[in-house]
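Going down the list, the sequences are from chains F and Y. Under my numbering, residues 29 to 357 are what the first sequence spells out, in order. Under my numbering, residues 29 to 357 are what the second sequence spells out, in order.
Quick caveat, the hints were computed from the structure, so don't treat them as lab data.
Heads up, the list lumps identical chains together, so a pair's fine if it works in one copy or across two of them.
Computed list of lysine-lysine pairs in BS3-like fashion (alpha-carbon distance at most 30 Å, straight line):
| id | residue 1 | residue 2 |
| --- | --- | --- |
| 1 | K268 | K44 |
| 2 | K127 | K42 |
| 3 | K164 | K127 |
| 4 | K196 | K146 |
| 5 | K259 | K72 |
| 6 | K65 | K267 |
2 protein chains.
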Amino acid sequence: MADYQFETRKVIEKIKEYNPRIIGLQFPDGLKIHALKLVRQLEKELEVTVIISADPCYGACDIADTKLENIVDLLIHYGHTPLPLDYKIPVIFVEAYAKIDIIPALRSSLRLLSGYEKIGVATTTQHLHLLDEAIKFLEDHGKRVLSDEGVGTRRGQVLGCNFSSVKKLNVDAYLFIGSGDFHPLGIRLSTGKPVIAADPYTGEAKSIEDFADRILRIRFAAITRAREAEKWGVIMSSKKGQERLSLALNLKQMLEESGREAFIIILEDISPELLVPFRELDAFVVSACPRMPIDDYHLYDRPILTPIELEIALDKRRWEDYTLDEIIF
Amino acid sequence: MADYQFETRKVIEKIKEYNPRIIGLQFPDGLKIHALKLVRQLEKELEVTVIISADPCYGACDIADTKLENIVDLLIHYGHTPLPLDYKIPVIFVEAYAKIDIIPALRSSLRLLSGYEKIGVATTTQHLHLLDEAIKFLEDHGKRVLSDEGVGTRRGQVLGCNFSSVKKLNVDAYLFIGSGDFHPLGIRLSTGKPVIAADPYTGEAKSIEDFADRILRIRFAAITRAREAEKWGVIMSSKKGQERLSLALNLKQMLEESGREAFIIILEDISPELLVPFRELDAFVVSACPRMPIDDYHLYDRPILTPIELEIALDKRRWEDYTLDEIIF
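Extracted from the complex, chain F is given alone in its bound form (with noise of 0.2 Å):
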């Protein structure tokens, strides 16, 4: 199990500034297993009660400030950066940074990294407070790295939804600090450049090219069969920081305008069991969450497709550019 710096110290002092009866504490579901040991040191320490949100939280697209309006007096949101939205009531963020050594990872990059000169580095919120230590090995093994701000992500900073900041790097290759396919395959995708992932909690490096390819052949596959798709269902999302309503209208007006059929169908948390009501559907496309079609296409047994590539299936993109969908605010 992962540690990570809750920073409750700092955090208690921020809460005593709002003065508040009832807090609310929100976790990306991998940190939730730390929960009931924060409300335990925050209700001794402060005179509040806690309540913790258990509902799935995948990004900061996805804050528990209108579910929880009328019940708590301060959120507490961990694991995740804010991003330019309004909120309903006070929210803090702590970034809960993992307690890893990258080094190994970074150690095992170098061998994939030979070729290259010039290297753009990005990680996840995780491991940002490490992005200097990152750059200094880089550079002490003889690299130039680079690396940016991007539309409201941090220096050095992706997201499963932003490589904003990645994208207008003149590098020669990418080095992706931490664990998981998506966010590299994003740089990758996204820039067009060779990426090398180095996973910290394995302490190995490898490139995301193979991968990269994989994932091609299954949206190609995906995007050829949902060309002869006729009722298509469009998904979009309630939560704030994915709802992209004008898409979706955009999306059902294309559809229709090609001759199709198209419903526009929102949800809270998408998932197989809430679609088997509308099976009567061809394909679906998703204004929602970028990634949920990559990468849960497995789940379902028709197209799920994102925006982009239903442009290439209603022939409006050309396949050579393909890229992963984006919600930049």
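Since the structure of chain F is already known, use the hints to place chain Y on it.
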């Protein structure tokens, strides 16, 4: 597949009064299969775009007004009668009565009702329009039939969490018209009188006594196991009609005063998977939907009690005073 009266002509006229650009449709799970047909009709006859809410929906406690605020101009909610709640957007309620003949089931019930003279009748929303027909049938067969309004419910109507319409009737036995065992169980437990359940979908009738005995044994076993529990989760709901914050706070206080630890956990839709991060807890008490501990206990490997059951576990209520939890507005 049962058919329902969606009253689309009347609904269209009502929608026109609001002159909406975008409307939402919300259905309980059993009616969602009719959604696409209704969207086609509404979008054809009105200048509107329709968005279907596909989140789970179990009652009028769970209106999508908050989720659809700033997305739709008007919400049509099918299958439930309104509760006295404030909504963030205009909501039109459509009862969606089932198109099904209740007489065969009533005929089946006569033998089981033969020992009783004064009968109280109750049913759920989808059969409310046939209440008078049911009363007449029973009267024609020599019964004296009583029915009443409840607190927030119509004459003869029971909800899974509101049995107030039957409680004050001076009768020998009750006839419940509808499917499922939960509503007749609730009538049985809140009145102490014999209950016959007549199911229009099968045409059959049965006494609820065996089911009530089985449930009571299960509940008493859960209460007994829960007496040992040291660490408790108080599960509350963010759904407006199930929120009961004061109850959750009281339950936490009651547990703490009895020397237990208690953590309030808030969820939109309660499921065992979402409680996995809190496995340190020994037992749960639910201030959310009163049906949940009774209907879903088999999904959980921890005792999961209603607030009333917790009172029994903590020796604040006698076993003989067991009854179902209710949410009466």
